[in-house]
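Colleague: Residues per chain are reported as follows:
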Amino acid sequence: MIRDRILTNAESAVAAEVDASLFVQAEFDASAGERGGYSDYSYWRSTMRGFLRNRVALGFLVLLGTLLLFTFIQPMLPGQKSPTLIHNDPATGMQFRNVPPGREFWFGTNTIGQDLWSRIWGGTRTSLLIGLIVGAVEMIIGISFGAIWGYVRRLDGVITEIYNVLNNIPTTIVLMLLAYILRPSFKTMVIAMCATGWLGLARFVRNQIVIIRDREYNLASRCLGTPSRRIIVKNLLPYLVSVIMLQTALSIPGTIGWEVFLTYIGLGLPVSIPSLGNLVNEGRQIMMSPELRYQLLFPTVILSMITISFYVLGNAFSDASDPRNHV
Amino acid sequence: MAALSGRRAMLKYSIKRLLQSLVTLLIVVTAVFLLMRLLPIEGYFGDGFDKLSESQREAVLQKMGLLDPWYVQLGTFYKGLARGDLGVSSIYRKDVPVLEVIAPRVPYSVRFGLAAITLALVAGLAMGVSMAKHKGKGLDKLWTGYVVFVNAVPLAVYLLFIQLYGTSLFNLPLLFDKYMPSSWILPALSMSLGSIAGYAMWMRRYMVDELNKDYIKLARAKGLSQSTIMVRHVMRNAYVPMAQYLPASILMTISGSIYIESLYSIPGMGGLLVDVIQRQDNPMVQALVLIFSSVGIVGLFLGDLLMALFDPRIKLSKSGVSR
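Those protein sequence lines, which keep their order, are chains E and F. Take the first sequence: its letters are residues 291 to 617, numbered as in my numbering. Take the second sequence: its letters are residues 3 to 325, numbered as in my numbering.
Keep in mind that the hints are not guaranteed to be accurate.
As the list claims (entries may be wrong) - Quick list of simulated restraints, FRET-style, between CB atoms:
#1 E:Arg503 x F:Asn214: 25 to 35 Å
#2 F:Gly147 x E:Asn497: 24 to 34 Å
#3 E:Ile402 x F:Met237: 23 to 33 Å
#4 F:Asp179 x E:Thr356: 41 to 51 Å
#5 F:Ser170 x E:Leu527: 48 to 58 Å
To be clear, the hints were calculated from the coordinates, so they are not data collected in a lab. We treat Cβ as the ideally placed atom computed from N, Cα and C, and that holds for glycine.
Working from the sequences, and respecting the hints, build out all of it.
Modeller: Put into structure tokens, the structure is as follows:
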């Protein structure tokens, strides 16, 4: 009883002295922030430093950069052939079938006389295009879905149940079913792969957001009146960059792999469009004769170089961009 | 007391997870059926489509119930499912019940799947242990290279080369032959390669984490030998990473089996699915897609139960996203 009265007295005494304006939230002021403890830490600079330190990744970056650049400028170079043109021998009028690699056809020709060298680069263009479109769409759907899933507590239960249903069905089956129903085409391929790929990214984004949204530093930031936009950009996003980049980088080799798989079961792109899947499939059909095996070997070597580069680079960049690895 | 409530929580979790699987199954069955209705009706005739007159086509469709409104069709489909009737094949083996076509193929798929999962478990854990033991040295780097390769290069590509060069290098048969035991080796190995990499990574991470813990340092300080520490302390909990990767491994084996069975002409369900897709036999595709999704759902259910049973760190009260 007495204690209560003393407390009340003390409170009223304090209230009389304290100026109410001290409890108004302050506007964010960068110079005031620097007064506390200024550091010249920059997220992207630290990321770059970490990435450049990784020699293996740098090697792969050069390899992938060269491959990508070459893929897109190849048709503009002089002396390149069309990837779909069937070459005929002018002397006999017959097709140049299965010509081994040589001066005229650098990687030889295929069973109907098309130039394998230009087909490989044309195919890489097609497959990369699918990969990039699918990667971008997955990124947009995955991040938006994951962010809503992680942020809006009321939706958490519902979306988790939806996720459990979708995640229970083997991806292969969904892909095959969609490609089967929609009939093979470029659009089908993109739709089928977009429909399955975003799920993993959404889960990673959601988990990351759930982990960090209630951390003390975010709570402190909110209490200090930091605007939400600033909290998202400066406090949350750096933790997400790593996960997003890794998933997107891995989705490109994944897409290329699915394309090869769907082509094998007859649900790939039409044979008239050169793609890595079609090239591997054409090579597979004649792989039993050793002298024609180059038609399988060349596309698969290029394909593997691309997918391995994306995989290694994705992992290296993910390590470098993870703020926990920044000193 | 604690053990009792633990058991009750386990039971509660199992029932909840079972219900969840059943609901998933129902949703998948319905979705697949409705999606299949979107297909053009030609898929139910095969080569005979052009030979039939308009009225004959109508009659066939009528007999198959394809002219009813979709909800009537769905009801008929559910009733059929309850009786274990998945319809009849329309092209692959005309008018033979789908289940009759599939039944003789089940044993092959099951045997190959089990062989692959077992092989992956044994080889993957062994690889993970050897990676952790030689951390940062040659063997670790070699196996890491393997893991990167398997994850980065599409399965559809490297499995071709395994078939191509594996058969000639080790003098193994190119295609599956049920009377030749050696023809089992390459397909089973191919099916397990991806899972081996997965198990190895989980096991390596687990071992490296565990070896840095205080109780291991204490054991070492006490003067216990390295092998005693490994056997008595570290390996005792090794079933944790094992259980954690099991669901993913099951899904991976299902996916791989579709490609591999077709590649080696194994008379299993995966090869059949590729066949009926190429020949556009809608009822067969529908039945096989349903079977594979159900196997996936059941596999994940069992995997999650095992994980909950084995891993003491999983808090069952906070179930939901356990993976």
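Colleague: Need the list of violated hint numbers for this structure, in ascending order.
Modeller: 3
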